[in-house]
Structures are given as C-alpha cells and as structure tokens.
Amino acid sequence: MFDKGKINYWHLLLILVVLIAILPILFMVSNSFKTLRDSYNTMLSLIPLRPTLNNYLMLNRQVNLLTLTWNTFLMAAIVTIGKLLTGLLTAYAFRSYRFKGKMFVYLIFVSTIFVPFTIIMIPNYLVIAKLNLLNNVLGVALPQLCDATGIMIFLKTMEKIPNTLIDAAKVDNIPNRKIFFNIVIPILKPSIVSVGAIFFINSWNEYVWPTLILKDKASFTLPLALQNYISSEGGTNFPLAMALSTIMVILPLIIYLIFQKYILNSISTSGLK
Amino acid sequence: MHNKNKRILPFLYLLPTAILLLVFMIIPIIYTFYLSFFDWNLIAPTKEFVGFKNYIDVFIDPINQKVILNTIIYIVFLIILNFLIPYFISLIVKFFINKMQKTYKILFFIPSLFSLVVGAMIFTWMLNPVSGPIAFILKNIGISMPNWSNSGILAITVICFITNWKVFGYNFILLLTGLGSIPQNIIDAAKIDRIPKWRLIFNVVLPMNRGISVYVLILTIVQGLQYVFTPINVITTGGPYYGSSNMIYQTYLNAFVLYKTGTSSALAIVTFIIFLILLFIEIRFVEGRSDKYV
Amino acid sequence: MKSSKIKKIFLILGILSLAVVFTGCGKKTSASSVKHITYWHVNAQTQGGATVDELVKKFNSTHKNIKVTAKYNPDMYKGLMQNLQSAQASGKVPDVVQVGWAYDNYFASNFKYLTPTDAAKNFDGNSKFIDSSFTKKTLSFAKDSNGKLVGLPYSLSTPVLFINKDILNKYGVQENSLTTWEGVKEASKRIYDQSGKYGLYIQEPGDTWAQQAIMLSNGAKIQKNGKADFASSNGVNAYKYYQEMVSEKLALHTPWAQGIDSFVKGDVAMAFTTIAQASHIKESASFNAAAIVAPHFKEYKTVVPVGGSMLAITAQDSEQQKAAWKFEKWMYSAESAVTWSKGTGYLPATQAALKSNDFKDYTNANPMLKPAVKTLDNAVPWTSFPKKGLQAEQTMIDARDKILSGSDISSTLKAAQDKINAQQE
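Heads up: the sequence lines are chains A, B and C, in that order.
For what it's worth, the working numbering labels the leading residue of the first sequence as 15, then goes sequentially.
For what it's worth, the working numbering labels the leading residue of the second sequence as -15, then goes sequentially.
For what it's worth, the working numbering labels the leading residue of the third sequence as 6, then goes sequentially.
Just chain A, with the same shape it has in the complex:
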C-alpha cells in the first residue's frame, strides 16, 4: 500500500508465523507414517525414512473408525443445526419485534458466552443422566447448544438489513414467516454458511462434554478415542495417535477448503463490526 518497489522484510516475520502454524501439522502427518522406532530415531526428518501405513491399519483394527467418525459427525451436525436454528430465530425476534424486557432477555442470552463450563458441569451431568441421555448423541449435544455466539453474530448482521425493506414487507402484509425465509435468510446466507462451518468444526473437536457424557466406547467421538493412545501407564504410542489425529482433521479441512472464502471473508465482515 505504501512502499512500492522496496523489498518488504515484513514478509520474513510473517513466514515465520506461518512456519510456527504449519510445522506442527507437518510433524503430525509425517509421524503418522513412521514406525514407532523411527518416530524416536528419525525425529527431525519430515519425510519418513521407511514410510509405513501400519499405524493406519492398526488403528483400523483397534477402533471402529467408521462408528467414531459417524458419532462425531452426528454430534457436530446436531449442534450446528441446533445452534443455527435457535440463533436465527432468536436474532430475528430481537431484530423485528419490540416487547417488554427485551433488553433484559438480550443481556441474559449474551451473558451465556461468559459462563465457564465448570459452573454447569456437575448439574448438567445430573440432568442428562435424569433424562436418560448418557451415552447418547443428544445428551452430548444439548449442553453445547447453550451458546449465544450465533445469536450475537446473526443479530449484528440483521441490523444491517435496512429497516425500510422489512417495513415495506410488513406494510404489504407479508407474513412474518415469509419475511424471515424470503428476505432475511437469503441476505444472511454468507454468515449462516460461515458461522455454521465454525460451529461444526468446534463441535467436532469438542472435548469437555463428550468426556463427561459419553462413557460407552460405542458412543465415543474421535477426540475421546484419542485418549486411548495417550494413556501413560502403557506408554504413549505417538505415531498411532498422530494417525488418528490426521484422520480427525480431514473433514474440518475439507469444510474449510470448500467454505474458505466465506469463513475468512464473511464471518467477520458480516458478523462483527
């Protein structure tokens, strides 16, 4: 923008930041193709000396990757859909209606962002158990739905929809349902996509609630299965754990690559200003 024609040394700093971000990932992938011995002996080489698929094959024998992935997907999908629906509905109510106590309700909703999970951990466990939802995908999804991030972002985006547009629709006696679906949703599409993607990725990686709610191997999600390989008593099998970590990141990576433009440009431009 300013310096033209000069060599820009700032790039060196930025490339260093890129290295810090990416190098651990390269180590992860490379270790997943190493034998246990080589992971100790050829630590520094990013390209495995004797590349092997053994870790993946062993993983496939030891855990049911398909079930694990499906469990994780289902949980993340329910959380994402749930959070999008409740977020959109709530934001729309705040945007287009006046009612008593609006400010109060809004504050309560927003303040949930500031509730540490530790404060609701014990009671929520008991509630989920009472609802008979332990080891159930719903049991692990429900507490994750309490998050006002979506409400905040959608509300901020909706505020940019000109009042005249909605007022005009109201004057024309177009039902609210139609205003919501035909006017508001299409305008919000970019932020719905990007917020949805972020929700999905975060829930996919969620650790705390699955640890508390899912005790049955059959209901485990991928991050929980990783615990299998960091048990210190039997020794950590690092290459195997890295193989599972690599598998775990595939779907988030695909989602990111597909929606990258939305995520990087619109989550923030539309949502937070």
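You may find that some hints are simply not true.
[Unchecked claim] Here are the simulated DSBU-like pairs of lysine-lysine, each with C-alpha atoms no more than 30 Å apart in a straight line: (1) C/LYS327 to A/LYS144; (2) B/LYS31 to C/LYS424; (3) C/LYS202 to B/LYS123; (4) C/LYS40 to C/LYS62; (5) C/LYS407 to B/LYS123; (6) A/LYS174 to B/LYS78; (7) C/LYS331 to B/LYS50; (8) A/LYS144 to B/LYS31; (9) B/LYS31 to C/LYS97; (10) C/LYS62 to B/LYS123; (11) C/LYS347 to C/LYS327; (12) B/LYS31 to C/LYS232; (13) A/LYS170 to B/LYS78; (14) C/LYS392 to B/LYS31; (15) C/LYS254 to B/LYS123; (16) B/LYS86 to A/LYS275; (17) C/LYS97 to C/LYS126; (18) C/LYS76 to A/LYS144; (19) C/LYS287 to B/LYS123; (20) B/LYS86 to A/LYS203; (21) A/LYS144 to C/LYS72.
Don't read these hints as lab results, they were simulated from the structure.
Using the hints provided, position chains B and C relative to the given structure of chain A.
Showing chains B and C alone in chain A's frame:
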C-alpha cells in the same frame, strides 16, 4: 388477529433458546450456587451445610491463593499471546505488505481446525526438553533447553502457547476484519498529509477499531482460560505443585478428582463473578448501545 | 426462487434433526432371558484393550445366557472411580468393575458391592475357588482397612528398573552394581560426567507408587495402624536421596510420558517404572533394553507396594450378581488370565496362571518380566488410607512435587503426614 399474533410470535421465536438456556444453563448455575454452601462428595445421600466455609477456603487456602495468582498470570500471557501478537500481525498484514495477504489469511487459520488434544500432544512431543526435536536442535548449537514442565511459569507459557497456536488465526482474522472496516478515505487522507504510518495507526486506526478489539480481548480471556483446560489436563495436570493450574482446572480437580463439590462450586461461582465483571466491560464498550433494547 | 431452495434445505435439516431425536430415544432394550452385564475396565488400546474385547467376545460365545459388554474407562483407575461416582449419582451402575489397589478403601466405603466371600457362598456354596486360586498374601492386597475382602486380585504389577545396556556398557557400569540405590547414584554420576546424559528417571504419574517403593526400600513405613507414618528419618532420607539426584542433574524430573520418551530415545540410562511399560519399551527402543529387580538402600531389603487391580462386583440384583460371578471366575481361569497378561503387560494374580507353562513360555520370551515376578515376593499392599483416601494420595503427590522443586524435606513430609492424619480422625 394480527395484533395478537404479533404479541405471541416473538416469544415463540425465543422459546427454543429460552428452554435450552433455562434447563442447561440457568438452573445449573443456581444449583451450583446452592452446592457451594454444602460439603458433599457427589454421591453421599446427605449434604452437610457449611455456610460460607467453602468461599473462605477459596481465599484462605494457600493452594487456592496460588491458583488465583496463576489465573492472573494466565490472563496476562493470554492477552500477550492471543491478543497483542495477532493484533500486531494483523496491522502488518493490513498496512505494511501489499502482496500475499490472502495466502497468509488462509494459512494462519489452518491450526484452528485442530482439536486442542492434538495440539497438546504434538507440542509436548516437539518441546520435550530432553528428547524432543527442538531440544535436539538447540543442543547442537550448544543451548540446553530448560525443563519447562518443572517450572510453573514456563509450563504456563507453553500451555498458553499451545492455545495460541489454535486461536491465533481466528483472532487474527477478526482483528483484520475490524481494520478492514475503517473507511479507506480516512487512510488515504492521512497518506496525502504524509502522516507517518505508525502515527496513523496509533492516532486513527487503533481508536477506530476499539469496539472489535475489546471484544476479541475479552473473548481471549474468557475463552482462553477455558481453552487452556485441555492442555493442562493432558500435559501437566496442574503441576508442578499447582504451578500451572488455574481456577478452571482447580474447579475440575476439586469436583472430579477430589470430589469436594463444595469447594469446586465456590471456585466456579468466584470465576463466574470475575467473568461477569468482564461481561460488564464488554457491554459498555462493544455493545455500546444499551439504550437500544429498552 | 433462491429463497425457496433455502427453505427446502431448512425443511430437510429440520426433518433430519427430528429423525435423529427419534432414533436416539427409540433404543429398546431387548427383554429376554439373556442376562446383560457390564464390565468396566481401564485398558486403553495401547494397553491390552483389544485383548479385553477378545476375551469378552470369547466368553459371550461360550455362554449363551450371559452377555457381557466391556467398557473402557479413560484415565486409569482414577478415571474409572470418577465414572463410577458419576454413575452412582445417576443411578446406573455397572456389574463388574476393575478397581486399583489405591482405591481399595475408598471404593469399599462409598459403593455398594458384593464381597467375593459372599458371592462364593451364595453361588458356589463353598469358598474353594477363592482359597485354591490365590495365596494369602495376594488376597491381602484386596482387603480394606477392616480386613474385609473387597474384590478378587486380578492383576499385579511391581516397579522394576529398566536399563539401557548400551549406555551402561559404554560408560563401564556393571549391572550388578545396580542392586542398591547408592549404586544407581554412582552409575548415574559416571554416566552424567562422561556424557551429560541423565542417569535415572523415576516415574511421576498422578500417584506416589514409585516414591513409596523407594521409601519402603529404606526401611520406612508409609502407614502404621491406619495413620500416616512416612515422615520418619528413613522416609526423609529416601526422599533426600531422590531430591539430591534431581538437583545434581543425575535424575530427570519430568511428567511420566516425557520421562519414558526420554528413556526410550536413549537420553536417560535407567528408568524406575512399572513393569506394565515393558512391551512399550521393547517395541520402541532401538537399544539393548533390560529390566532388573527394584533397587534397595544398603542395609535394607527391596520392598515395593504392589500395583494392579482387583475385580469387584457392583451388580445389585441377585441374578445379575450370579452372572457377574460366573464371568469373573471365567476371567480368572489360567487360560484367560495369561491371555490378559500377555495383552496388558501386567502379571496374573492366580497361582494357576503364574505357574502355568503358557506363562513360563511367555516370560522366557520376554525376560523383562522375570524380575517383576521375582519382586512379587517382596510386595506389600499399596497404602490406602481408611478415610478420604483420594485426598490423602493428593497430599502425598503435593509433597513429592514440593520436595522435587526444592522444599525442605522433613518439614514438607511432616506437614503432609499431619494433614493426612487429621483427616483420619
């Protein structure tokens, strides 16, 4: 008919969220508050009422005092690593380079796709002070790596760094977007007036970007303190001698390792109050329109 | 037009989520004469988890009217206890659980269980199975502070000293000099002076098992008549040895996983840790690794707290208990016990299994196990304080961490001892 609809509809829209929040958040908070006045171990049939003893313990017990102090250290480190550095980098990307901006954005964000459990595992392996790749390289140039897991402050640094790896890209993009929303004509005007770039940033850009930066700052603290839970749990379990524990981890330790639900609940309530103070700041600076919904 | 597409997507998403809700709730329990029992264990995949599944599968295929479901609990015995606690709070308890020795009293005083003595009386009519399977000493590991048998010993482990023979040979350390801790220190010094490598790593997990072994092997007592008694001069001296090793950089002080990694990598010459690590070390080390009996201090004998676990019956209904007992007995058969031992790296607890040819062949193929079997003769029950046992263990961990970061030993141990004893009142 329309009128009646109008009155009920907003509540219908709010209902799903309200039920969820009531059942999984508000009632649990009240219950935790209730538990903080009792001595209980999660399974005993009776709870013993102890008044404010648990709260007094939170502030008098030397371990808890240490943990509170650590929490402050965590906050300082998180602000530096997860807020100031991303902010600095976003300023550079916005104002000091004119190529590759998009590439950097794409690459910086990639670690956000990873689970913190994975991050914790990779970094403990990479940073093993005796046998890790980094220690190996340092040894070859004649530097011995400090055994960070034995020092509370170094362990906190490493743990914060791991969360930094994960959230850096996200915070960077939020801040960069904030910068992007500053009207170009203001910047162009400054350029014409030949105002030095750093002065422009300090006098114009930073004040204009205040809303989003306070939002990211507070998110950094509130989410950061919860994010560090996973690496603490995986790497140090709070050690050495509570040197890397914070209030969130201590709450978990009391609840699910020592089964002192009373102490745990009291700690949780105190943490919540601190967070609420932050929330108040957030509303003052970010929402900045408290009159809007009255 | 565009918006109708989005509307459709919403509709589909809504239906999908509804479908999920219904399938989630619609899980039915099949009502038939088959008894379903749940078995909670702690064996991660790196630690014989697959063997447990295999055994359970085999049991299920040979017992048509009992169906066992094995459930893995992360984070070892501590994790299992936490889950059991949560399960009790929710009202749904498993039928058979694997309990670590350190949780013996805690388990006995907080959970409802059926003692093996009663199970044998109710379902076998005699106690032949218990008497013939275990030695008196082994059974004593599974008794609570009132002398009541809580469960049946299932797995045993002892700490051993793993050695990197390549390093020892290179720096001229004789293996037979490592029978005493003094000898270990001398060897460490020699290695450190010549190579800068650490001599020793002593495991530092979320318990003080290994540290107790060092104290016991210096003639100290961990408890006496239900009271903590480790702050004696023998206990203090044992910790003094440990603290000096660390401060002189002869011993590495780091969390468990990292310490073992450093040993396997060849940066530490000796590792004092559980025999359960044997197969991991064997598989990952590229040097000549071996194990020797846990060292002792001069003038004292090797004494180690036994590690491992017992199986306890938490089933409440008599029919369930009967099925659980049947499953337990099957798991204790020499064949199953040795299979389990091979998969997990622990030692079997029954006499029949320990003496079986199958197990002998196994130790011949894996000589690292031999010192561990030998050490069993010097094993004592793992200290489990009658009251607030979890908090007592945490107090001992805290004392260890404080001492290793340089605190005064005798005052730290004394304070820890007083704290534990105050809770025993």
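Here's how the hints hold up against the structure:
1. Taking the CA atoms of C/LYS327 and A/LYS144, the gap is about 28 Å. The hint holds against a cut of 30 Å.
2. Simply put, B/LYS31 and C/LYS424 have alpha-carbon atoms about 23 Å apart, close enough for the 30 Å limit, and the pair holds.
3. The hinted pair formed by C/LYS202 and B/LYS123 meets the criterion: a straight-line CA distance of about 12 Å does not exceed 30 Å.
4. Between the alpha carbons of C/LYS40 and C/LYS62 the distance comes to roughly 15 Å, so the proposed pair stays at or under 30 Å and holds.
5. Only pairs whose Cα atoms come within 30 Å are accepted, and C/LYS407 paired with B/LYS123 is accepted, the gap being roughly 29 Å.
6. Note on A/LYS174 and B/LYS78: the hinted pairing holds, with a Cα-Cα distance of about 25 Å set against a maximum of 30 Å.
7. For the given pair, C/LYS331 sits about 51 Å from B/LYS50 by alpha-carbon distance, which is inconsistent with the 30 Å threshold.
8. At most 30 Å may separate the alpha-carbon atoms for a hinted pair to count; A/LYS144 and B/LYS31 meet this at roughly 20 Å.
9. At most 30 Å may separate the alpha-carbon atoms for a hinted pair to count; B/LYS31 and C/LYS97 meet this at roughly 21 Å.
10. For the proposed pair C/LYS62 and B/LYS123, the alpha carbon gap of about 50 Å is over 30 Å, so the pair is violated.
11. At roughly 28 Å between alpha-carbon atoms, C/LYS347 and C/LYS327 fall within 30 Å of each other, so this suggested pair holds.
12. For the proposed pair B/LYS31 and C/LYS232, the alpha carbon gap of about 27 Å is at most 30 Å, so the pair holds.
13. For the hint pairing A/LYS170 with B/LYS78, the CA-to-CA distance comes to about 24 Å; that is within 30 Å, so the pair holds.
14. Straight-line distance between C-alpha atoms of C/LYS392 and B/LYS31 comes to about 17 Å, which keeps the hinted pair within the 30 Å bound.
15. The hinted pair formed by C/LYS254 and B/LYS123 meets the criterion: a straight-line CA distance of about 16 Å does not exceed 30 Å.
16. Under the criterion of a C-alpha separation no larger than 30 Å, the hint pairing B/LYS86 with A/LYS275 is consistent with the structure, at around 10 Å.
17. With a C-alpha separation of about 26 Å, the suggested pair C/LYS97 and C/LYS126 falls inside the 30 Å cut-off, and the hint holds.
18. With a CA separation close to 21 Å, the supplied pair C/LYS76 and A/LYS144 stays within the 30 Å bound.
19. Between C/LYS287 and B/LYS123, the direct Cα distance comes to roughly 27 Å. Compliance with the 30 Å bound is thereby established for this hinted pair.
20. At most 30 Å may separate the alpha-carbon atoms for a hinted pair to count; B/LYS86 and A/LYS203 meet this at roughly 22 Å.
21. Of the pairs offered as hints, the one joining A/LYS144 and C/LYS72 holds, with about 26 Å between alpha carbons and a cut-off of 30 Å not exceeded.
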